[in-house]
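Chemist: Chains as they are written, first to last, in numbering that gives the first Met the number 0: chain A, 0 to 128; chain B, 0 to 328.
Simulated coverage check for chain B against chain A, where a stretch passes if three residues somewhere in it have a Cβ under 8 Å from a Cβ of chain A:
1. 111-125
2. 146-160
3. 175-181
4. 184-190
5. 237-247
6. 260-273
Some but not every residue of chain A turned toward chain B, in silico, with C-beta under 10 Å:
7. MET11
8. LEU48
9. LYS51
10. ARG71
11. TYR74
12. VAL75
13. ALA76
14. MET79
15. GLU81
16. LEU83
17. GLU99
18. ASP101
19. SER105
20. ARG109
21. ARG119
Please keep in mind that the hints were generated in silico from the structure rather than gathered at the bench. Idealized CB from N, CA, C, for every residue including glycine.
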Amino acid sequence: MPRFGDLEAAIMDQVWALGDPVRVRDVLEELQRSPVPAYTTVQTVMDILFRKGWLTRRKRGRVNLYAAAASREDYVAQLMGEALAEAKDRSAVLVRLVEEMDPAESAELRTLLEAARSDRSDPDSEGAQ
Amino acid sequence: MTTAVVLLSYAAMVALVGPWMLLAGGWSDRAPRLAIVAWQCLTVSVVAAVALAGVALLIPTASVSGGLAELLRACAMALSAQYSSPGGAAAAATGAILMTTFLGRLAWCLTVVLADARRRRSRHRTALDLVGTTVPGLGAVVLSADRPAVYCLPGRHRRIVVTSGALQLLTEEQLTLVLRHEQAHARQRHDLVLAWSQTTAKAFPRVPLFATARAESARLVELLADDVAIGQDGNRLALADALLTLSSASAPVAALAAGGSTAGARVRRLINPRRPLGRVGAALVASAAIGMLLLPVAVAVGPAASATRMDYCPTAAPAAAASVPSSAD
Chain A
0 MPRFGDLEAA IMDQVWALGD PVRVRDVLEE LQRSPVPAYT TVQTVMDILF
50 RKGWLTRRKR GRVNLYAAAA SREDYVAQLM GEALAEAKDR SAVLVRLVEE
100 MDPAESAELR TLLEAARSDR SDPDSEGAQ
Chain B
0 MTTAVVLLSY AAMVALVGPW MLLAGGWSDR APRLAIVAWQ CLTVSVVAAV
50 ALAGVALLIP TASVSGGLAE LLRACAMALS AQYSSPGGAA AAATGAILMT
100 TFLGRLAWCL TVVLADARRR RSRHRTALDL VGTTVPGLGA VVLSADRPAV
150 YCLPGRHRRI VVTSGALQLL TEEQLTLVLR HEQAHARQRH DLVLAWSQTT
200 AKAFPRVPLF ATARAESARL VELLADDVAI GQDGNRLALA DALLTLSSAS
250 APVAALAAGG STAGARVRRL INPRRPLGRV GAALVASAAI GMLLLPVAVA
300 VGPAASATRM DYCPTAAPAA AASVPSSAD
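Working from the sequences, and respecting the hints, build out all of it.
Modeler: Quick look at the structure:
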């Protein structure tokens, strides 16, 4: 079974880059991959992306025209929203590095950090390894 | 009956005293890995004690330690003895209901927590793989977003995510430490620790023990990942700096815990490290944790073991006699 993940990403990249509704052929021409995928493969993957809700599809004459359902920025914003919301309910879905801090506390800790830095380098900067 | 009462009292006592012991003196900050294990043992111990109390009511003399055939035989005998006496049937029914509702609820919540995490993770990962850029050599997916953030999507198909905003703000040293922190989460499967504590908290929301265990586990895995990232000679102040950089809020933070946030406590701990817990302390905690795991089982099996020693079940006698001498003397 072929791995569609990479090809899906490459196709979405092209659809976003081209902007206007595109045919399968337009995407195929822009795809810079070796080996060049077959027309039917690209068509299959674009149909999968349509079924997943990433692409919209409409017919003009006998040709299918595809367009991105949302912009790349929309998806990034959605992912960021999920990542930031997750920290609050502390679920096991994803683990964020650090949650947000009150600016006052942050400033206080920044002062502490600078003090520790100068402590470390000041008195025995020669002696420390 | 007595066994069940002892087990339930044990569960109640541990649920009350356990958290107090684990929170006392702030030793957990000095040994986060051990503290995580201790919290797990504590919750498992309480859950096991209640479940075993149900078993004890249901099958008062079953030999849990014996073989399956022996167990079934003991079951059949014990059950017939139970139902012949008034009150025995009621106790058995109570035990059965206690055990099935308790374990059923736990299993249901575990399924929901895991399935929900799995579904949301896979949806997130799909989108991530389409819009993120995998940078070779970085070991992370880069999302082009101005807002600085780093997070990890754990599980078998794990992803570590860094926004381009974070890449711009962090130095190379800070970035390495931050990625090591996330790799520690992913590699040590901290998500499973969190899934269990989330399950017990969800299943029994009225029991403060489980709510505390959940909050503490979430806090302790962060401390542990910080420690792993620093390793033997990592730059603690660089990691503290990175945490401060990534936690600066763009909007005012509404609710704050008394005495500062968890993030703040982590930064303080990096700036002013405390000595790791000594060997004696660690051994003490470890033996308490093992004790908590063994005690409910020992209480449940104890009367059953002594019952097999008596000539209570003639058919089971040869098998029981063969296994007893070593422990009887």
